[in-house]
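Each residue of the sequence shown is one higher than the one before, counting from 1 in this note's numbering.
Please note that the accuracy of each hint is not assured.
As the list claims (entries may be wrong) - FRET-style restraints, in silico, Cβ to Cβ:
id, residue 1, residue 2, range
1, Thr253, Gly274, 14 to 20 Å
2, Ser265, Pro11, 56 to 62 Å
3, Thr30, Glu282, 36 to 42 Å
To be clear, the hints were calculated from the coordinates, so they are not data collected in a lab.
For every residue, glycine included, the Cβ atom is placed at its ideal position computed from N, Cα and C.
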Amino acid sequence: MSGPSLDSATPLRDALAGAISAITAAGCETPRLDAEVLLADVLGVARGRLLTDGDLVVQGRALRAFQSAVRRRAQLREPVAYITGRRSFRHLELDVDPRALIPRPESELLVEFGISLPAGAGVLDLGTGSGAVALALKDERPDLHVGGSDVSAAALQLARENGRRLGLNVRWLHADLLEGIGEQFDAVLANPPYVAESERAGLAPEILRHEPGVALFAGPDGLAVIRPLIAALTERRGVGVVALEVGAGQAGTVARLMERAGFGSLRCERDLAGVERVVVGER
Numbered sequence: 001m002s003g004p005s006l007d008s009a010t011p012l013r014d015a016l017a018g019a020i021s022a023i024t025a026a027g028c029e030t031p032r033l034d035a036e037v038l039l040a041d042v043l044g045v046a047r048g049r050l051l052t053d054g055d056l057v058v059q060g061r062a063l064r065a066f067q068s069a070v071r072r073r074a075q076l077r078e079p080v081a082y083i084t085g086r087r088s089f090r091h092l093e094l095d096v097d098p099r100a101l102i103p104r105p106e107s108e109l110l111v112e113f114g115i116s117l118p119a120g121a122g123v124l125d126l127g128t129g130s131g132a133v134a135l136a137l138k139d140e141r142p143d144l145h146v147g148g149s150d151v152s153a154a155a156l157q158l159a160r161e162n163g164r165r166l167g168l169n170v171r172w173l174h175a176d177l178l179e180g181i182g183e184q185f186d187a188v189l190a191n192p193p194y195v196a197e198s199e200r201a202g203l204a205p206e207i208l209r210h211e212p213g214v215a216l217f218a219g220p221d222g223l224a225v226i227r228p229l230i231a232a233l234t235e236r237r238g239v240g241v242v243a244l245e246v247g248a249g250q251a252g253t254v255a256r257l258m259e260r261a262g263f264g265s266l267r268c269e270r271d272l273a274g275v276e277r278v279v280v281g282e283r
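Taking the hints into account, I'd like the entire structure generated from these sequences.
Structure below.
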């Protein structure tokens, strides 16, 4: 079926209704929100304007772009953030694409902990992905000496691009866990892979088809990365505090591993859903 001509125009309410219908039929959880975000992005306006400006129309190239975006969302179940290429995190607008996971609100707990560190502390965001946690820390606490590391060179390049565009001075390190990282940090924050292989089938298509599996899956119990990370921290006596994002039901096991590695004052921070999401330990 051929698309509309460049001169064709559709009233905004009709364009939205058609998009919501298609996205709903695809089984997406938030069809109205998705459609509004995609349309606002195509038109280059704030989402709120869609609700207040009854004279807006969608036409020409914008109409074609919107139809393409809706197809990607509905037929391919591509995440909205990958379609628009952007995701808000804390006070920042980050570029995102399939090189790294889309930043989640849960990871803001790592930032909340990081901004409580003493003045001038050195902090490593291990498994930085798009650079979200490291860049948010540097943005909100310019006095901190922030590093971001990742085993994926592609993800690290995305983080560098975000740092350059935002003008935030973070040191980027290509490393597998702590291997090859010579400099000392006072604190390590990490959002490592923690999804068990047994949970793969239950993931939404948006995640399973489009986000990088290397940043998601971690063996039969989801701890195949966390265990060696904690073991590596045992030898890093200069690291006085660690905060690890974990999966639902993993906090108790991770806390015990951290205790055996010499960390005390253990506590778990819950996310907005009440899940024990970040385990913090000090020594």
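Exercise for the section: Would you pick out the hints that fail for this structure and give their numbers low to high? Expected result: none
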